[in-house]
Structures are given as C-alpha cells and as structure tokens.
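Trainee: Model the placement of chain B on the given structure of chain A, informed by the hints.
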Amino acid sequence: MISSLIRQTALSRHPRMLLALPAAAALAVTLAACGSSGNPSAHPATPKPAGTAHSHTHSAPTHAAVTTPPASPATAPAPPPPTMAPTQPANPIPQGNGGDQDADNNGGPSDGDGNI
Amino acid sequence: MTARTARRGRYALAVIAVTAAIAIAVTVVAFASPGRPAGRAFPPLRPTAAPAGWPHLALPNGTAVLSYPPSLRPLAGDTDAVSAARLGPGGAFRLYLNATPRQGSERLLGWAAFRLRLLRSDDAASAHQDAAAQGVRFRGGTGSCVIDDYFTRIGGHHYQEVACLVQGRTSASVIVAAAPAARWARARPLLLRAVAAYLVR
Chain A
1 MISSLIRQTA LSRHPRMLLA LPAAAALAVT LAACGSSGNP SAHPATPKPA GTAHSHTHSA
61 PTHAAVTTPP ASPATAPAPP PPTMAPTQPA NPIPQGNGGD QDADNNGGPS DGDGNI
Chain B
117 MTARTARRGR YALAVIAVTA AIAIAVTVVA FASPGRPAGR AFPPLRPTAA PAGWPHLALP
177 NGTAVLSYPP SLRPLAGDTD AVSAARLGPG GAFRLYLNAT PRQGSERLLG WAAFRLRLLR
237 SDDAASAHQD AAAQGVRFRG GTGSCVIDDY FTRIGGHHYQ EVACLVQGRT SASVIVAAAP
297 AARWARARPL LLRAVAAYLV R
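Heads up: the protein sequence lines correspond to chains A and B, in order.
Using the working numbering, the letters of the first sequence correspond one by one to residues 1 to 116.
Using the working numbering, the letters of the second sequence correspond one by one to residues 117 to 317.
For the record, the hints were derived by calculation from the structure and aren't laboratory data.
The beta-carbon is built from N, C-alpha and C at its ideal position, and this holds for glycine as well.
Just so you know, not all the hints are guaranteed correct.
Stated by the list, open to error - Coverage of chain B stretches by chain A, computed from C-beta distances (three or more under 8 Å per stretch; other residues unrestricted):
| id | segment |
| --- | --- |
| 1 | 180-189 |
| 2 | 193-203 |
| 3 | 211-217 |
| 4 | 227-240 |
| 5 | 253-266 |
Stated by the list, open to error - A few chain B residues that don't get close to chain A, going by computed Cβ distances all over 10 Å:
| id | residue |
| --- | --- |
| 6 | PRO159 |
| 7 | HIS172 |
| 8 | LEU224 |
Excised from the complex, chain A in its bound form (with noise of 0.2 Å):
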C-alpha cells in the first residue's frame, strides 16, 4: 500500500519515468539492429552467373566458352572490373588459369587436390 502509493507519487511527479522503458527499448532496438549490420552474410545472397572465367586451353570440356565480349560500342570499351579479392593466398596454385589449369583455379568448384 505505501510502496504503491510511493511509486504512484513518483510517477505523477516525474512522467518523464513512464517513457523511460519505451524509450531504452526502442534504443536498443536499434542498437542491436546497428550491430547485426556487419556481418559475413552481406556477401550477395545468390551467385554471380558461374564459370565466366572457366577456359581450359589444354583440355577439351564439354561446354563451350563462357566469356563473351560486351557489344563493342563505338569508342573503345573500358577495361572490366577486377573480380579477383585483393588478398592472395600463402602458397596457393595460381589462380587465373595457372598452376594445373584446373576449373577451380577459374572461378570452378574447388577439386579434392591436396594443393600440391
């Protein structure tokens, strides 16, 4: 009876209180929201179209060449974009059509190799 009527006292004093639990809520909210935005999964959710730079020039596959040109415009195309990551691995077999030539050094699925 006396802690109510000492909380209903306060509370009519300091109605600032009454938006206090909202308020913290809605923070952090959006505080978690915020921290949630960082994360491995901002990768694109489905693939880029694969195999485009899948070209064995010793072997015989069975599909044919996936690179096509863009249609030449009237003045000289610029020079497409990179699409190797910047960080190189330790001591891989190179990539881009080197080492063993096989189609994951082209963007393919990765074989069973031991990297050797």
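Mentor: Chain B alone, transformed into the frame defined by chain A:
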C-alpha cells in the same frame, strides 16, 4: 512521504527500465545474429552401389571409382584425378564431382579443418563449415566428411560442397561433390547419392 522515498521510487523505476532494455537488447541480438547454428548434423550416408545406368570413372591409379549421374559429363582436370560435371548455359557449373588420390597431409582426423584451410589458402576467398562427420562408412572404406560453402577468389562464385577423405584398404582418396550454393538444396540428394556410391579399394 518524504523526498527520500520519492527518490527511491525514481531509482527503482530507472533500474527496472534499464533491466528491461538490457533484456530486450539481448533477446533481439540473439534472434538477429547471422551465424548459422553450429554443429548442424551431417546427413546419413549409406554406402550403396550406383543406380544402373550411372557411368563410372576409375582413378588412374585404380584405387577408387567415381560413379556419376548420366546427366553429367566427364571433365578434364588433373592427370591423376577424375571429374564429371553438369554445366548450365554459358558453362556455369550446376553439379560437380571430383575424385583425387590423397596427395598431401590429409588425415581422417581433422579433415574438416584441413579442407577449409586448403580452400582458404587456394581458391576460396572465404569458406564456412556447415557440417562434418567422422567414421563415415563407404563402399570399401571409411571416411571423414565435411559440408561447407565458399566464395571463389575468381568470380566470387558461391559454392557448397561435400568433401570426404576416404581411406580404403591400401590407399586414401578425396571425393568432392559441389553445386552452386543457391542450388544446393535441390542438388544435394543427387550429390550425396554419388558420394554414397563412391568405391574405394
């Protein structure tokens, strides 16, 4: 009613508000976390001969046989390995199977970590483990398997795969079955069927 009791009331309300805010924040963060649940179960793999009509590719050293669905075609690759793939328009990989003799320091113990490390150090910009299992039975042997997904350094293609190191009586080899991550749910049964049909000697 004194000023002190009124102050206590305000403090109590403030404590309640802060506690509620923390509880809400924890709940929201828990539900909004992007990480996938760890330790997702590896699907059961029952070693079974390939269906009739599936072609076979034997490793050049004769230690394993890869069976693949008829919709796939053999693909050239390493001389000691065999591959088959189904390609879409423009040569995009839809399904991919590969078998390669063990070449390096692959071990049944810690295979999942090895595979992810190899992906990251070779052709993947990032790789993430989805599930793993050890002691998986194969036709003629036992293996360790991992399901993971990765983004290639070239093209940024997102693939998902099951990769198993399989130990036979005399030698070990690796089988990889992969598909674009966006098509993984549809491709997985067929790929796992091919993995289950993998024969080692």
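Trainee: With reference to the structure, classify each hint as holding or not holding.
Mentor: Evaluated hints:
Counting residues of the segment 180-189 of chain B whose CB falls under 8 Å from any CB of chain A gives 1; the rule of at least 3 is not met. Residues of the segment 193-203 of chain B with a Cβ under 8 Å from some Cβ of chain A number 6, which satisfies the need for three, so the listed coverage holds. Against chain A, the segment 211-217 of chain B contributes 4 residues with a C-beta closer than 8 Å to a partner C-beta. That satisfies the three-residue criterion, and the hint holds. Restraint check on the segment 227-240 of chain B versus chain A: 7 residues with Cβ-Cβ distances below 8 Å, three needed, restraint holds.
Coverage of a stretch by a chain is defined here by at least three residues with a beta carbon nearer than 8 Å to that chain's beta carbons; for the segment 253-266 of chain B and chain A the count is 1, and the condition is violated. For B/PRO159, the non-interface assignment is confirmed: its Cβ lies about 19 Å from the closest Cβ of chain A, beyond the 10 Å cut-off. No Cβ of chain A comes within 10 Å of the Cβ of B/HIS172; the nearest lies about 17 Å off, and the non-interface call holds. The beta carbon of B/LEU224 is kept farther than 10 Å from every beta carbon of chain A, the shortest such distance being approximately 14 Å.
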